[in-house]
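K.L.:
Sequence lines, in order, name chains A and W. Be aware that the first sequence starts at 1, since it is given in the UniProt record's numbering, and climbs by one per residue. Be aware that the second sequence starts at 1, since it is given in the UniProt record's numbering, and climbs by one per residue.
None of these hints come from the bench; they were simulated from the model. Hints are supplied without guarantee of correctness; some may be wrong.
No distinction is drawn between identical chains; accordingly, a pair holds when it is met within one copy or between any pair of copies.
Unchecked claim - Below, computed lysine-lysine pairings styled on DSBU-like, alpha-carbon distance capped at 30 Å:
hint: 1; residue 1: 280; residue 2: 228
hint: 2; residue 1: 258; residue 2: 357
hint: 3; residue 1: 190; residue 2: 280
hint: 4; residue 1: 27; residue 2: 15
There are 2 protein chains.
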Amino acid sequence: MCKYELEIVKSMNMKDKIQKDQVPFGKTFTDHMFIMDYETGKGWYDPRIVPYAPITLDPAAMIFHYGQTVFEGMKAYRGEDNRILLFRPDKNFQRLNLSSERLCIPPIDVERVMDYLTQLISLEQDWVPSKEGTSLYIRPYIISTEPGLAVAPSQTYKLMIILAPVGSYFSGGIKPVRISVEDQFTRAVKGGTGMAKTAGNYSSGFQAQAKASKEGNADVLWLDGVEKRYIEEVGSMNIFFKINGEIVTPELNGSILKGITRMSIIELLKEWGIPVVERKISIEELSQAYTEGHLEEAFGTGTAAVISPVGELNWLGRKMIINNNEIGEVSKKLYDTITGIQTGKIEDLHDWTVEIK
Amino acid sequence: MCKYELEIVKSMNMKDKIQKDQVPFGKTFTDHMFIMDYETGKGWYDPRIVPYAPITLDPAAMIFHYGQTVFEGMKAYRGEDNRILLFRPDKNFQRLNLSSERLCIPPIDVERVMDYLTQLISLEQDWVPSKEGTSLYIRPYIISTEPGLAVAPSQTYKLMIILAPVGSYFSGGIKPVRISVEDQFTRAVKGGTGMAKTAGNYSSGFQAQAKASKEGNADVLWLDGVEKRYIEEVGSMNIFFKINGEIVTPELNGSILKGITRMSIIELLKEWGIPVVERKISIEELSQAYTEGHLEEAFGTGTAAVISPVGELNWLGRKMIINNNEIGEVSKKLYDTITGIQTGKIEDLHDWTVEIK
Ligand SMILES: Cc1ncc(COP(=O)(O)O)c(C=O)c1O
Ligand SMILES: Cc1ncc(COP(=O)(O)O)c(C=O)c1O
Numbered sequence: 001m002c003k004y005e006l007e008i009v010k011s012m013n014m015k016d017k018i019q020k021d022q023v024p025f026g027k028t029f030t031d032h033m034f035i036m037d038y039e040t041g042k043g044w045y046d047p048r049i050v051p052y053a054p055i056t057l058d059p060a061a062m063i064f065h066y067g068q069t070v071f072e073g074m075k076a077y078r079g080e081d082n083r084i085l086l087f088r089p090d091k092n093f094q095r096l097n098l099s100s101e102r103l104c105i106p107p108i109d110v111e112r113v114m115d116y117l118t119q120l121i122s123l124e125q126d127w128v129p130s131k132e133g134t135s136l137y138i139r140p141y142i143i144s145t146e147p148g149l150a151v152a153p154s155q156t157y158k159l160m161i162i163l164a165p166v167g168s169y170f171s172g173g174i175k176p177v178r179i180s181v182e183d184q185f186t187r188a189v190k191g192g193t194g195m196a197k198t199a200g201n202y203s204s205g206f207q208a209q210a211k212a213s214k215e216g217n218a219d220v221l222w223l224d225g226v227e228k229r230y231i232e233e234v235g236s237m238n239i240f241f242k243i244n245g246e247i248v249t250p251e252l253n254g255s256i257l258k259g260i261t262r263m264s265i266i267e268l269l270k271e272w273g274i275p276v277v278e279r280k281i282s283i284e285e286l287s288q289a290y291t292e293g294h295l296e297e298a299f300g301t302g303t304a305a306v307i308s309p310v311g312e313l314n315w316l317g318r319k320m321i322i323n324n325n326e327i328g329e330v331s332k333k334l335y336d337t338i339t340g341i342q343t344g345k346i347e348d349l350h351d352w353t354v355e356i357k
Numbered sequence: 001m002c003k004y005e006l007e008i009v010k011s012m013n014m015k016d017k018i019q020k021d022q023v024p025f026g027k028t029f030t031d032h033m034f035i036m037d038y039e040t041g042k043g044w045y046d047p048r049i050v051p052y053a054p055i056t057l058d059p060a061a062m063i064f065h066y067g068q069t070v071f072e073g074m075k076a077y078r079g080e081d082n083r084i085l086l087f088r089p090d091k092n093f094q095r096l097n098l099s100s101e102r103l104c105i106p107p108i109d110v111e112r113v114m115d116y117l118t119q120l121i122s123l124e125q126d127w128v129p130s131k132e133g134t135s136l137y138i139r140p141y142i143i144s145t146e147p148g149l150a151v152a153p154s155q156t157y158k159l160m161i162i163l164a165p166v167g168s169y170f171s172g173g174i175k176p177v178r179i180s181v182e183d184q185f186t187r188a189v190k191g192g193t194g195m196a197k198t199a200g201n202y203s204s205g206f207q208a209q210a211k212a213s214k215e216g217n218a219d220v221l222w223l224d225g226v227e228k229r230y231i232e233e234v235g236s237m238n239i240f241f242k243i244n245g246e247i248v249t250p251e252l253n254g255s256i257l258k259g260i261t262r263m264s265i266i267e268l269l270k271e272w273g274i275p276v277v278e279r280k281i282s283i284e285e286l287s288q289a290y291t292e293g294h295l296e297e298a299f300g301t302g303t304a305a306v307i308s309p310v311g312e313l314n315w316l317g318r319k320m321i322i323n324n325n326e327i328g329e330v331s332k333k334l335y336d337t338i339t340g341i342q343t344g345k346i347e348d349l350h351d352w353t354v355e356i357k
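This is chain A alone, in the form it adopts within the complex (with noise of 0.2 Å):
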């Protein structure tokens, strides 16, 4: 007999609650967690929250052999008034269905998917914490739990949801960071999966990001897998340029992943009637602008930081200084509007934010 109501078994072991501003990314995780299953034929089912602990898999379960599986990242805000809010919570669950798509796992329902979320969060609302740039971070991710090594799609997934309070990003205010363009890897080629936001896609830039690093670049700044020559992406953020007076962020062409940070970004420059235009755009045309010093400002976007100005940009030795390695004046803009909105602090007007009651 499936479930589909859910069910909620408490921990009887609650932890400390992390109030703190600075805690390392994604190590600390709250008292409960979501899951529910899916069988080819029964669908999604038997969702429920359960005490947050080890799960237990087949060693020959899918997951570990080819790779299927989806995930999303997303963050729960405190409001000044106390308010816990979420930020355009459909478009993460509908980009997990597009992932799933391109994986060939079978889709979830949006709606009742963000109802159990809600649920999950009011039942954690303790862990929202309230300091500036901190909140609690939302992991949604669909694993291939059937036993086989045929190389062919599961019958069996799990959909979990894990919560993880985050420090700010930025403490001690935004910081610009150093950013390395990647000549030699890869991330992600038109016909791959570059658009899906699936685990492969991650550990394959790890080599490209830790030959960055040794050389003190917080991130690479990856080309496209083709001529080597466009501008796609960074590690986890989409990448915006100001250039001359208009924004330019490379357009969705199959390989990048359609940022809700970015996609936010757009519409607020529209309203604010700053040209901003989605083309491709190669790493010599950007240089040819920093030459002729029409290199206003560089930043990444992605959920975990918003705004990321970049200070510092490397590319085949040579170094471009952006912005005197300070913050924009766009950047600065749309970080504080979209956090503002974020908290609650500024007014929601784009119907962007959902309240967890």
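Given the structure of chain A, go ahead and fit chain W with the ligands onto it with the hints provided.
P.N.:
Just chain W with the ligands now, with coordinates in the frame of chain A:
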């Protein structure tokens, strides 16, 4: 205290040994499995053979989120004289280390692990089937186990080896397969992870395989990710063509797997004085050769089938029937020779086989 001596915990609950000719691939496992742990600073420790059983991991374990994992596939064969033989297992463990390097996973000591594998198979020797074409499939794999959501290499890993008796790939004689050329999706690209045996490379092919299968194809032939012209490999096989008396196989370009069957075939062909070249070959060139009547044989090569003749190749609506949909002369000779060496029927002049005592 870390242990480096192999510990063996025997199962109290032995399963029925499977000796049937037809078992679904990778669905039944033997009584025991091998596990060894890794931790930065400690190295690989606690090697153990324990009853085959589910494993328990933190829901935040890296494998579930960023896909840092590698695997191998090899077989133990039962000779007519009842000996148990492995085929070039050192090459598999060397390739595991190559894959690990790409994924920032620490290397294993090939000799030590060969010793553990030998003891595992020795314990499970009754599981090695004896009917023609059957074998014991060996799946070594490494998964990243550290709980944490930061996008960075794990500090802890598990090396596991599981064993599955497998039926003969071709029941009722070798049957050529139908393959379609994939012109939309991409498996791998230069600078990516194509030359590594890592999970993400396999699930990323599911969508293309489903499409091909709908049209009655057994698998897809991948083209390069840059120009979508040059032939790379089939799902889990390298590919060879006989064109005008010469054997041609795509060169190792960083995006295809360095198959051990491929390597062995090239050595044999050279010894036999049959011309063989590793080079770029475009799908247009192949189609042209077909038109001119020069495409004499085509076959996939890999541990699963050893040689899998391609009887029909479909490309953009063009149906190429190769060698009357029958196995070719060279394909047959290679199949007989390699399977002969693997099972000890043909004298092993290359030191390719390793006997399990
Ligand atoms: C590869 C990649 N690009 C971009 C982003 C930014 O997306 P979002 O703004 O939805 O967080 C992320 C993080 O989710 C990512 O993993
Ligand atoms: C992608 C891929 N190519 C080729 C092969 C063939 O390699 P091998 O001959 O070592 O089995 C395999 C299987 O291991 C594979 O997974």
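K.L.:
Each of the hints needs a verdict: does it hold here or not?
P.N.:
Now the hints, each set against the structure:
In this assembly of identical chains, the alpha carbons of residue 280 and residue 228 lie at most 30 Å apart whether taken from the same copy (12 Å) or from different copies (20 Å). Within a single copy, residue 258 and residue 357 get their C-alpha atoms as close as 29 Å, which meets the 30 Å cut-off; across copies the closest is 56 Å, which misses it. Proximity of residue 190 to residue 280 under the C-alpha cut-off of 30 Å is found in both arrangements, the shortest distances being 14 Å within a copy and 21 Å between copies. Proximity of residue 27 and residue 15 under a CA criterion of 30 Å is satisfied intra-copy only: 14 Å inside one chain copy versus 40 Å between copies.
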